[in-house]
Amino acid sequence: MTIRMDELGEYCSPASLRLPGFGGAGLFLRTSVMPVAAEDADVDVAALGLDVGLLSPFRFVQFLSRSATRGFSQELSSFFFAAADDWTPQDSVPAFIDPLSGLTCRVLSSTPVQVGLLVELDDDSIGDPDGRALDFVTSRAVLAQAAMDARILEGVDDDVHFSPPAEGR
Amino acid sequence: MGYLFNTFDFEPGSRMTGIWTARERFYGVDQVAFAQQIRLGRDQDGSVEADFLGAHLPFHAGGFHGVSPDGHPWAVVLQVAPGNSAGSVGAVNPYWPMFDGMKRALRFNAEAAVMLERGWTSDELLQVYAGQGVDPAHVDDWTVPDLLMGLLAECCYVPLPDIVAGRVIQCAFPDVNHDCEHDVFTDVFARWDAGHLKPDEP
Numbered sequence: 001m002t003i004r005m006d007e008l009g010e011y012c013s014p015a016s017l018r019l020p021g022f023g024g025a026g027l028f029l030r031t032s033v034m035p036v037a038a039e040d041a042d043v044d045v046a047a048l049g050l051d052v053g054l055l056s057p058f059r060f061v062q063f064l065s066r067s068a069t070r071g072f073s074q075e076l077s078s079f080f081f082a083a084a085d086d087w088t089p090q091d092s093v094p095a096f097i098d099p100l101s102g103l104t105c106r107v108l109s110s111t112p113v114q115v116g117l118l119v120e121l122d123d124d125s126i127g128d129p130d131g132r133a134l135d136f137v138t139s140r141a142v143l144a145q146a147a148m149d150a151r152i153l154e155g156v157d158d159d160v161h162f163s164p165p166a167e168g169r
Numbered sequence: 001m002g003y004l005f006n007t008f009d010f011e012p013g014s015r016m017t018g019i020w021t022a023r024e025r026f027y028g029v030d031q032v033a034f035a036q037q038i039r040l041g042r043d044q045d046g047s048v049e050a051d052f053l054g055a056h057l058p059f060h061a062g063g064f065h066g067v068s069p070d071g072h073p074w075a076v077v078l079q080v081a082p083g084n085s086a087g088s089v090g091a092v093n094p095y096w097p098m099f100d101g102m103k104r105a106l107r108f109n110a111e112a113a114v115m116l117e118r119g120w121t122s123d124e125l126l127q128v129y130a131g132q133g134v135d136p137a138h139v140d141d142w143t144v145p146d147l148l149m150g151l152l153a154e155c156c157y158v159p160l161p162d163i164v165a166g167r168v169i170q171c172a173f174p175d176v177n178h179d180c181e182h183d184v185f186t187d188v189f190a191r192w193d194a195g196h197l198k199p200d201e202p
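So the sequences go chain by chain: A and B. Start counting the first sequence at 1; every next residue gets the next number (the working numbering). Start counting the second sequence at 1; every next residue gets the next number (the working numbering).
You may find that some hints are simply not true.
The calculated label-pair distances, taken between Cβ atoms and stated as ranges, are [what the hints assert, rightly or not]:
#, chain 1, residue 1, chain 2, residue 2, range
1, A, Ala-133, B, Glu-181, 32 to 40 Å
2, A, Asp-122, B, Asp-200, 53 to 61 Å
3, B, Gly-195, A, Gln-74, 36 to 44 Å
4, B, Asn-84, A, Ser-92, 52 to 60 Å
5, B, Leu-116, A, Leu-100, 45 to 53 Å
6, A, Gly-71, B, Gly-13, 39 to 47 Å
7, A, Leu-108, B, Asp-193, 22 to 30 Å
8, A, Gln-74, B, Asn-84, 48 to 56 Å
Take a look, some chain B residues computed to stay more than 10 Å from chain A by CB distance [as the list claims (entries may be wrong)]:
#, residue
9, Phe-8
10, Glu-11
11, Arg-39
12, Pro-69
13, Gly-87
14, Lys-103
15, Pro-159
16, Glu-181
17, Ala-194
Because the hints were derived from the structure by calculation, they are not lab data. Don't be surprised by glycine CBs; every beta carbon is placed ideally from N, CA and C.
When you get a sec, could you build the whole thing from the sequences and use the hints?
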C-alpha cells in the first residue's frame, strides 16, 4: 500500500479524549505508539503511550509519553458509562485504575444530572500533590459521550483508515 | 425577541436552553462590552461547555446557550473589559483582550469555533437601548456591565423598558407575586430559571 504523507495527515486523526467539567476543569487523554527497548521486547515491538492533561482555570499540567496497559480504554469507557448511568455511582462504581500509567479515576458524588470525579496520576516527579490530581464536577451527558470517545483511544471503533472514505460514508 | 437574539445569526427554530452570569461583576471607567457567538461541537453539552469557557475568560460577564433546529449546540458569551486594558500588551483595539481571551480558552475545545462577534462602547449601548424603546436619559448612569446585563435579561422575554423601570425599585415584576431577588437582573434570571418566562404567543 502506498501512502502519501499528506493523505496520512488528512485521514488519520489523533486518538484523543476531552472530558470537560464545570468551572473550567478538564481531563485530556491522547494515545500514541512508543518504541520498546530491545532488551524489553518480547513479542511486542511497540508499546501503547498515553499523554494525560489535567486542566483547571489556573493550571494545565501535562504528563507525556506514559506507558499504558493495552485494553485500558475499554475499562475506562466502562467506568465512564457506569458513572453516567448508575443512580449513585459514588457507591456502586469501582474506581478505574491503570497501574502502568498510574491513572486513577473515581466517583466522589452525584446528583440526577451531575457527577463529581477525582482524577489522579501516580507520579512522584511532581512535588505538589495538587498538580497530579483534579477534583471536578461534570454532567452525566458529558460522561456518556466520554464513554464513547474513550473507545477511540485504542482504535476500537476502527475509524482510522489510510484511503479516502468511500462515497456516501 | 431581544436585541442580542436579533444581533446574531440564529437559524429559525433555534431555542435558548440556558442563561448564566459571572459570579463577579467588574466595574471601572471607559469599559467596553464584547459578545461572541460560539458554535459548539455536535455532541457537546451546552451547559457544561458554556461554564467551561466562561471559567477560562478573564473578563467573563455571562451569556446564554441553546440549540439549533438540527440539534447543534451554541453559546453567546459576553465579556466586559476596561477600554484601556489592550495597551498592556501593546494592542490598539480595545476589544483585543476579550478576543484574545476567547482564542486562549478555545485552545481547550478544538470542536468549538467563533461564528460572529460584536463589540460596543458605552455610547453604542445607549443607542441600542434607545432602539429598544428606552429613553437614554433613564440609563445614562448605568455602567457598561449594567447595560450588558439588561440586554442579557431581555433575552428572558422581558421587555427592556420594563427592566429599566424595574431597576429603580430593584424588582422586575412588581405586579406579580414572587420571591423577589431585590436586584432587577437577578430577579429576571431567577424567574426564567424557574420556567415562568415564555415568549409571547404569535
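* Tell me, which hint numbers fail for this structure? -> none
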